[in-house]
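Engineer: Sequence:
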Amino acid sequence: MKKVLLLALPLMASIVSCSDDDGPSAPVYEVITFESCEFAEGKTNNVSGSTGEYKELDATFAWKDYYTMVGGDVVSSLAMISEAGTPTATSVALPEGTEHAGADGSDKFMVLLNDNYVKDFLPEFSFAPGMERQIVSLQIMNSTAMYQYMKYGYYSYAPMAAGDYCDATITGYDAQGNETAAVTVTLADFRDGKEFIMEQWTEVDLTALGAVNKVAFALTWPDSWSKPSPKNYSVCIDNVKFLKVEE
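Under our numbering, residues 1 to 247 are what the sequence shown spells out, in order.
In case anyone wonders, no lab produced these hints; they're calculated from the structure. What you were told as hints is all true, and nothing was included just to trick you.
Pairs of lysine-lysine, DSBU-like flavour, derived with a Cα cap of 30 Å:
no., residue 1, residue 2
1, K214, K55
2, K241, K55
3, K119, K151
4, K241, K43
5, K214, K241
6, K43, K214
7, K214, K244
8, K231, K214
9, K214, K119
10, K55, K244
11, K231, K119
12, K241, K231
Using the sequences and the hints, build the whole thing.
Structural biologist: Quick look at the structure:
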């Protein structure tokens, strides 16, 4: 009888071990970091020629340069804060000369630009037709241009005052072009006594968007804030995280 028990104990331990291994595994993620984008010598972004695109993890980020006006998605490594002069849309609002301008100490990031003169290239990215990926999160930050408008104004245009704000709405679309959901994050808020302007990379939970084929970005603010052009804006993103596709 004792021999049977001794043999049964290792067998039971083996069964328990197998049961534990068969439990749910931790999710595995893939992250678009933009670090593999190559720039021409001496440049701080990937704009070259009239149009172009950057691809990473099956996602496409396209841009168009139209007589110095850029629309779409530009990979950049430039950090700058401008108190006056011409705002720089393709840079992030961190102290000028910041060694690693991207989120979490990386070198590169993405600038999403909406330009009224480049209407066919929008602040969005997408996957191939029919493909969907489960989005998890990304990090977001003000561009230098938007930061200047918010904090310092621009020539005769005043900076933000009490009651003003700026929101970024991130919207997902499935493979059929239907909206999945939208998430809004505040980039600046001068309501109810606040004087907030986003000044550091901030993670945004996008699990509510679900499986997406396209992700689009739009900035909104009240009419009380007089900005040079209500149809031109930019915002910076980095570390776009997705659930890893099972093979």
